[in-house]
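**Q** For reference, the chains in residue letters:
Number of protein chains: 2
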Amino acid sequence: MKNNKISLAEVARAAGVSKMTASRVIRDEGGFSEKTRHKVMAEVDRLGYLPNRLATVFAGDKKSTFVGVSIPELGNEIFAQLLEGIDRKLVAFAHQTVLGMTEHALDQEEAWIETVLSWQPAGLIVTGRSHSPRAMQLLKGAGIPIVEIWDFNSNPLDMCVGLNHFDSGYSMGRYLGELGYTKFGYVGTSHDTANAASSRLAGFTKAAEDAGGTVKKKLLLKDVPGFYTGLYGTEQLLAAHKDVDVIFYQNDNMAVGGYEYCRRQGLEIPRDIGIAGWGDLPIASIQPYRLTSIAVPHLRIGQIAAEMLLAQVNQQPIKRTRDVGFKLIPGSTCRMQLKPDIDETIDHSKT
Amino acid sequence: MKNNKISLAEVARAAGVSKMTASRVIRDEGGFSEKTRHKVMAEVDRLGYLPNRLATVFAGDKKSTFVGVSIPELGNEIFAQLLEGIDRKLVAFAHQTVLGMTEHALDQEEAWIETVLSWQPAGLIVTGRSHSPRAMQLLKGAGIPIVEIWDFNSNPLDMCVGLNHFDSGYSMGRYLGELGYTKFGYVGTSHDTANAASSRLAGFTKAAEDAGGTVKKKLLLKDVPGFYTGLYGTEQLLAAHKDVDVIFYQNDNMAVGGYEYCRRQGLEIPRDIGIAGWGDLPIASIQPYRLTSIAVPHLRIGQIAAEMLLAQVNQQPIKRTRDVGFKLIPGSTCRMQLKPDIDETIDHSKT
DNA sequence: ATATGAAATGTTACCCGTAACGCAATAATG
DNA sequence: CATTATTGCGTTACGGGTAACATTTCATAT
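Protein sequence lines correspond, in order, to chains A and B.
Note that the first sequence covers residues 1 to 351 in the working numbering.
Note that the second sequence covers residues 1001 to 1351 in the working numbering.
If you're looking for bench data, these hints aren't it; they were derived computationally from the structure.
Treat the hints loosely; a few may be bogus.
Said to hold, decoys possible - Distance condition first, Cα-Cα at most 20 angstroms in a straight line; then the derived SDA-like pairs of lysine to any residue: (1) A/Lys63 x B/Gly1048; (2) A/Lys140 x B/Ile1006; (3) A/Lys62 x B/Leu1050; (4) A/Lys35 x A/Ala55; (5) A/Lys19 x B/Ser1018; (6) A/Lys140 x B/Leu1047; (7) B/Lys1089 x A/Arg27; (8) B/Lys1005 x A/Glu260; (9) B/Lys1206 x B/Lys1222; (10) B/Lys1063 x A/Thr56; (11) A/Lys5 x B/Lys1217; (12) A/Lys62 x B/Arg1053; (13) A/Lys5 x B/Val1044; (14) A/Lys140 x B/Val1044; (15) A/Lys63 x B/Leu1008; (16) A/Lys62 x B/Gly1141; (17) A/Lys5 x B/Ala1059; (18) B/Lys1089 x A/Glu103; (19) A/Lys242 x A/Asp223; (20) B/Lys1140 x A/Lys19; (21) A/Lys62 x B/Ala1202; (22) B/Lys1005 x A/Ala135; (23) A/Lys63 x B/Leu1050.
Model the full structure from these sequences, guided by the hints.
**A** Have a look at this one:
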């Protein structure tokens, strides 16, 4: 574990040229002879020289090639995919992702923003539109491209790509209402943040009320929205409100867990109760049933976010807001529609 | 989007002190009066000064607080959890994760290692034990703590935490053999790397042969090991070898997809065919059946890796290798055992 | 008052590359 | 052959902090 920190100066000395010449050769910016190139590169290989990018950024008073990317959690595969989409694109354009997991907490986000800004990143991608006052101030003053993703916002700090979660919740609520459901249930998790899932619930509740129904909620405090949570959240919801006739879940994984709980209780789906998820996750289409859900282009959101950011870094013009929309997927876990005129897939996708 | 780059010098000038005094106040390293502290901090707040950590690292010729973490992919929730475990621990100790997705390709890993080393990271955590020759050389010469995770290796480059994948495959093979299976199948994905899944398959094959059986394989080239892959991989395997009586999958998600394929074909499980997964992922226990699988402490591997690395950074003594073991989970997707003496859970966990 | 040590603050040099500019050697041109 | 471009390479200064050392200020003891 020897520390082989070879500096440019050492390479230059070994090659018998000045630092500047060595620098030119290594960056291949021209202005040197072939003979010199060989001498220098030979020493680079022999000594195992690795440039110190800190110094490079520092020297030019430039930005680094870091891009800070904050997401709430990785356990939730939706966010993992968002991150994957972002990183793929960033790497393709020679940038690096510095991860920030906020765990849905604004103060964690704020602390991360402060830290990551101190590394002179090329830009930031943050999940969600709500930030602490100080975080807002830091973001505004950062002087670098910022992309807010996930929850679409027509008036972003800088740039934004996502979808309207309220509308997606409303859309599901109206659809279920049109199927004749009136006693709606909702099972999700809850954090101290006004997040995207809250918007969906708000939209869902609005639609339910517009349809003359009610919504019974079960919000599991600070829990992970996964299979288990869906299972025991359903148990708790039904224990308190046994007359619920359809349940909308925060995401598909919870819905699959909820489905399994109902099945174990001997409930037949969709005869006895309807189940609807959100996200159209892979699990939704590999079950013996087809889960009613809302499809969202996760990976694309990530890719678009990275594209926006890189365009901004390279001073290329770009549309600063993108609403990617969503798509309601009717499934076999809710009763068949009563009205024949809504037979087709309900598509709110945007190009 | 103004660039508000306030430097320490400007803060110092505004406060009427030298850079050095301002620096001391900001780092709270003592040697200044209370009055001075107030003057300086007032200017820090007023000007919105954010220290430039690049300069700090650069000045002291120190390491940064970056830790490079490479994983093959994020779509696979096992790796997402590994990353989550790592990042949680790192953040708790004021370090930041720089992400590297290798997509199972050694050349991508190599390129990432080179890039991330140029940022003077405090350490590196890499998934897997096989690296390109140049990557090996870079890692060895880096002079920083390196933790290889996932595939346990008693003779690591520097440090290592994981489990013996060969043994876990062998364990499953022997278990299934003891249940009386002889015509084994395997469905997984394949990449150009000798990875952990390959080791599992090798162990599985060895056990199958020891039990006097054979293994029919279906390896999907460069695909993601998820539900779909499991479904159509099973279709392909059974099309080529219809007499297979038990299938071992690369992971639980693939196994659940395979289960669903068999169900759709009218096969009854475990009467007509056995299904075994790997990883004991959440989905495995939320299905109507209990999937036979192998449980692995994903999150703990990540946490231990980060702990090892941080200990090394802080020059604290630490055990350099940790085998976390695994645990075979008998389920309802394989036939009941023939011999009564292996009734209990087979535990290879290590503390 | 004066000496003395501690506390507070300032000065200088440096980390490692690169931009900007200068100069010498070589090649092209009249 | 003299003049002018071009090429190849070197010198200097700088970025934003901090270590190490120097100096001033202040409180306390003599």
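**Q** Against the structure shown, which of the earlier numbered hints fail to hold, in ascending order?
**A** 4, 5, 7, 8, 9, 11, 13, 16, 19, 20 and 21
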